[in-house]
Amino acid sequence: MNVSTGMTHRTTVQEGKYLAAFDSFQRNGAVGDPEWIHQLREAAIARFNVLGFPVARRGNEEWKYTDIRPIAATNFQPATGSAQLTLPPPDVDRLTFGNPGWSRIVFVDGVYSQELSALTSLPAGVSVVSLAQALVTHGDMIKQHMARYAPYESEAFTALNTAFAHDGALVQIADGAIAEEPVHLLFLTTGRQQDTVTYPRVLILTGKDSKATVIESYGSLDEGRYFTNAVTEVRMGSGSVLNYYKVQRQSQQAFHVSNTNVSNASGASFNSVNLDLGGGLVRNNLNVLMGEEGCSCVLNGLYLLNGTQHVDNQVIIDHTSSYTTASELYKGILDGKSHSVFHGSIIVRKGIQKVNANQVDKNLLLSDQAEADTKPAFWIYSDDVKCGHGAACGQMDENALFYLKSRGMDDKLARRVLTRAFATQVIDSIGNGAFRAAVGQIVENKLEEWLEAGESR
Amino acid sequence: MSTGNRAVKELASQSYQYGWVTPIESDTAPRGLNEDTIRWISAKKNEPEFLLEWRLKAYRHFMTLLQKEQLPEWANVHYPSIDFQDIIYYSAPKTKEKLNSLEEVDPELLKTYEKLGIPLGEQKRLAGVAVDAIFDSVSIATTFKEELAKYGVIFGSFSEAVQNHPELVEKYLGSVVPYTDNFYAALNAAVFSDGSFCYVPKGVRCPFELTTYFRINAQSTGQFERTLIVADEGSYVSYLEGCSAPMRDENQLHAAVVELVTLDNAEIKYSTIQNWYPGDEEGKGGIYNFVTKRGKCAGANSKISWTQVETGAAITWKYPSVILQGDNSVGEFYSVALTKGYQQADTGSKMTHMGKNTRSTIIAKTISAGHGNGTYRGLVKVMPKATNSWNFTQCDSLLLSNSCGAHTTPYVEVRNNSSHLEHEAFTSRVSEEQLFYCNQRGISLEEAHRLIINGFCKEVFKQLPFEFAVEATRLLEANLEGTVG
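Which chain is which? The protein sequence lines are A and B, in order.
For the first sequence, our numbering assigns the number 1 to the initial residue and increments by one for each residue that follows.
For the second sequence, our numbering assigns the number 1001 to the initial residue and increments by one for each residue that follows.
Honestly, the hints are just simulated from the structure, not real lab data.
Values in this document were obtained by computation on a predicted structure and should not be read as measured data.
Where is the CB? At the ideal position from N, CA and C, for every residue including glycine.
Any given hint could be a false lead.
[Stated by the list, open to error] Below, simulated EDC-like cross-link-like pairs (lysine to aspartate or glutamate); rule was C-alpha separation at most 16 Å, straight line:
hint, chain 1, residue 1, chain 2, residue 2
1, B, Lys1381, A, Glu42
2, A, Lys412, A, Glu452
3, B, Lys1356, B, Asp1327
4, B, Lys1381, B, Glu1432
5, A, Lys143, A, Glu42
6, A, Lys211, A, Glu153
7, A, Lys386, B, Glu1432
8, B, Lys1385, A, Asp368
9, A, Lys412, A, Asp428
10, A, Lys354, A, Glu293
11, A, Lys350, A, Glu292
12, A, Lys64, B, Glu1073
13, A, Lys337, A, Glu293
14, A, Lys354, B, Glu1432
15, A, Lys208, A, Asp175
16, A, Lys208, A, Glu292
17, B, Lys1171, B, Glu1053
18, B, Lys1202, B, Asp1264
19, B, Lys1356, B, Asp1264
20, B, Lys1202, B, Glu1233
21, A, Lys386, B, Glu1424
22, B, Lys1356, A, Glu42
23, B, Lys1171, B, Glu1073
24, A, Lys386, B, Glu1433
[As the list claims (entries may be wrong)] Far from chain B, by Cβ distances over 12 Å, these chain A residues were calculated:
hint, residue
25, Asp23
26, Arg94
27, Ser238
28, Ser251
29, Gly267
30, Leu329
Bound conformation, chain A alone (with noise of 0.2 Å):
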């Protein structure tokens, strides 16, 4: 609902390379692909090029404690796959939430792999392929929605995605399909080379009164500097349900940008969990269209940051049709030197009536130089609505650290215990359970080390 500030601006020398990129992106890395997306992609980057990076420090509220410089001021070069890569069973283990059985579409670098995929027993009515192969095979399909969801006329990282958009996953659930088991879609950066790009692009097409678990995470080999700029794009049939899990879990230096655009039918629940587990500076735009009638969504998050990680969660949902119904939790741990913002906007329209919204962000903070910043906001033009929302931000609480520890035991524990405890509420609403124990088995992990660290007191 931000208006846009009505920035001019001038080409710079970073987003110039964007452009020459592009150039000899459209000559030879994608000369297969049908016209139509050629003729996207130069409209993208267009659009790029008058948008610019949201560098701008003052009066941009969409970024205001958001400082994407860093991104702008690094020279990235575009990802030249490693898709010959294999892989040690531990790594496919732990990059597959010790589910190596779940069917994957897996990408390195940007691009499918087929021998790291695992695609041969996909749940009945699921369809995952690699977008690549299928804007050659199922082109005129993808064109109806293909940036129908994410507009690139105002976001720039969209628009840039959208100009470099090449490969990335189609998953389409087939009418009545309901799937138990999750499909993964597993976006793997090897971190190889310095300083690479990548575009990942996704697109989910749910059937007619279909159900279906979708995880999409992010990994990485090594540790290294890289920036991952995502776009993806789910259209909701009627009656649908979908679990959309995003894990990102990318290297302490990376930067991570990603958009997801969802268009809810009427009937159907999108439910999301978010999980932000690594990054160097990541920020998430979460965008839902609650544009048909009974529709709702459940979007939840939890970011946990230590050293100088720094995330930025955007959720906008945009009520523009009645009996419509959203839920937003966010929560956060914070440690050491980390920052994290929250900006969830509520926008209800002219008109619209019996709509029913909550937002809730919430944050722990474990160190003194931490910093979380959050604006739950509402934009209301309508009255028969109700809506809430709640902020809050503090340390462990004491009595609760006393009580533990009067029941035996150590400070340590007591601390782990509380702190695992407020990232429950968001881990609980995990729909499927083996994906839930295992990201409850993460988080665990991680807050171990960080207690053996010390970092946290």
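Since chain A is already given, all that's left is putting chain B on it; use the hints.
Relative to the frame of chain A, chain B by itself:
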């Protein structure tokens, strides 16, 4: 359909009761803004050199901002751009000489106040209230001055303070709101005409509630008043400010600055009822109320409390704030903002925690009706050294029509992990269940609405000094009168 709709129609048609013009001769500055205007104002008011210099610096800063087009555009309000050269920056009722008693005051003015129901002088109902009434830009009459002088309290117009206590003015002017603070603060610093000044000496508990009334009268006059209140160590003062303005077709700019300073163990309570002309049913005319209000708890254990009831003005842009600098200092903000017709209000508070064990509370209630748009905008900022600081924020909105808007944009910035912050907000319309409950107890729909709305505002109204609480309730009820039935 429901009661809400009818309520809106009635709200929108409720006419402004305080709209008339007092036909008196004014001594006005030439239209427009340049260095000469500043010098003209300064000379007119016989100001010392430091003040003129300060005004000129502010003027130059303002012109730089204007040239760079750095106008504040972040607020959720919409209005055509203002031509700053098309404003008369100073307008004073022509006074022959210094006035000694009420009898000497222009009877037209007295009639005006009578209509507003302002207790000027030692009068019956509100006896015990000292009044420093600002008519347009110049202080007309000050009462209770001698009584206050006994306690060493300095209270009067800003111009008088400049003449009689230049050292105090020089020390504190701009110490809380520097002229570089924002666009309208810069404009105000350059052209401010008059305002109120109050100094409460060490250990004194001011014996009266101090009151000022502001009115905008002469056509196309911007009113730029400046208020400075200093509470020295261990002192206490409660200050009340009420506003209403006559009906005009043109939008008038009101850019005021209020600065409060409390030293160790001092307390200031500042209450406002703002009832400027809100424009007509089509949203034509009305006052632009762009105000910078800020207090600084400079001393330890000091306290600043803001209470405001905002029912008027076409556009309100106002964030009474507190800088909690002293250890253990306390900041409070209580607000009710009503928008109806085409009114727009973007208001809230800013609490900056700097000292240890600082506490702040924000209670903001927004009521939107008709095509009104109310926005709560607040910032709670905890600096790294504000150990054990505490904040509670509650900002609720009540929606009375399907074409109004209620928006909430709270900012929370925490840089200290021992602080505790809670924020909650709720937005809804008057619930059918509550109305039904009242109806079945024999309470009419209109009465039920009034009850519920009064209940919604109660937390804020109870913070007001008694006379103001009565006035605030009356004002709100008048606005909601005959809404349903």
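A quick look at each hint next to the structure:
1. Annotation: proposed proximity of B:Lys1381 to A:Glu42 is violated, straight-line Cα distance about 44 Å (limit 16 Å).
2. Between the alpha carbons of A:Lys412 and A:Glu452 the distance comes to roughly 9 Å, so the proposed pair stays at or under 16 Å and holds.
3. Among the hinted pairs, B:Lys1356 with B:Asp1327 is consistent with the structure: their alpha-carbon atoms are about 5 Å apart, no more than 16 Å.
4. For a cut-off of 16 Å, the pair hint linking B:Lys1381 to B:Glu1432 is broken: about 38 Å separates their Cα positions.
5. A threshold of 16 Å between alpha carbons decides the hint, and for A:Lys143 with A:Glu42 the separation of about 15 Å falls inside it, so the pair holds.
6. For the hint linking A:Lys211 to A:Glu153, the alpha-carbon distance of about 32 Å lies beyond 16 Å, and the restraint is violated.
7. Between A:Lys386 and B:Glu1432 the CA atoms are separated by roughly 13 Å; this keeps the pair inside 16 Å, and the hint holds.
8. A threshold of 16 Å between alpha carbons decides the hint, and for B:Lys1385 with A:Asp368 the separation of about 9 Å falls inside it, so the pair holds.
9. Only pairs whose Cα atoms come within 16 Å are accepted, and A:Lys412 paired with A:Asp428 is rejected, the gap being roughly 24 Å.
10. As the CA atoms of A:Lys354 and A:Glu293 are separated by approximately 10 Å, the hinted pair is consistent with the 16 Å bound.
11. Using a Cα cut-off of 16 Å, the hinted pair A:Lys350 and A:Glu292 holds, with the two alpha carbons roughly 15 Å apart.
12. Proposed proximity of A:Lys64 and B:Glu1073 is supported: the alpha carbons are some 15 Å apart, at most 16 Å.
13. Between A:Lys337 and A:Glu293 the CA atoms are separated by roughly 44 Å; this puts the pair beyond 16 Å, and the hint is violated.
14. A hinted pair counts as satisfied when its Cα atoms are at most 16 Å apart, and A:Lys354 with B:Glu1432 qualifies at roughly 13 Å.
15. With a C-alpha separation of about 5 Å, the suggested pairing of A:Lys208 with A:Asp175 holds against the 16 Å cut-off.
16. Restraint check for A:Lys208 and A:Glu292: the C-alpha separation of about 14 Å stays at or below 16 Å, so the hint holds.
17. For the hint linking B:Lys1171 to B:Glu1053, the alpha-carbon distance of about 15 Å falls within 16 Å, and the restraint holds.
18. Of the pairs offered as hints, the one joining B:Lys1202 and B:Asp1264 holds, with about 10 Å between alpha carbons and a cut-off of 16 Å not exceeded.
19. With a C-alpha separation of about 14 Å, the suggested pair B:Lys1356 and B:Asp1264 falls inside the 16 Å cut-off, and the hint holds.
20. A hinted pair counts as satisfied when its Cα atoms are at most 16 Å apart, and B:Lys1202 with B:Glu1233 qualifies at roughly 5 Å.
21. This hinted pair checks out: A:Lys386 and B:Glu1424 have alpha carbons roughly 14 Å apart, not beyond 16 Å.
22. With a CA separation close to 56 Å, the supplied pair B:Lys1356 and A:Glu42 exceeds the 16 Å bound.
23. At most 16 Å may separate the alpha-carbon atoms for a hinted pair to count; B:Lys1171 and B:Glu1073 exceed this at roughly 32 Å.
24. Only pairs whose Cα atoms come within 16 Å are accepted, and A:Lys386 paired with B:Glu1433 is accepted, the gap being roughly 14 Å.
25. With 12 Å as the threshold on Cβ separation, the claim that A:Asp23 sits away from chain B holds: the shortest Cβ distance comes to roughly 36 Å.
26. The beta carbon of A:Arg94 sits about 31 Å from the closest Cβ of chain B, which is more than 12 Å, so the claim that it is off the interface holds.
27. Taking the minimum C-beta to C-beta distance to chain B, about 27 Å, the non-interface status of A:Ser238 holds against the 12 Å cut.
28. Even its closest Cβ contact with chain B, about 26 Å, leaves A:Ser251 beyond 12 Å, as expected for a residue assigned away from the interface.
29. The claim that A:Gly267 lies off the interface holds: its Cβ sits roughly 24 Å from the closest Cβ of chain B, which is beyond the 12 Å cut-off.
30. A:Leu329, annotated as away from the interface, keeps every beta carbon of chain B farther than 12 Å; the closest lies near 14 Å.
Checked against the numbered hints above, the structure violates hints 1, 4, 6, 9, 13, 22 and 23; every other hint is satisfied.
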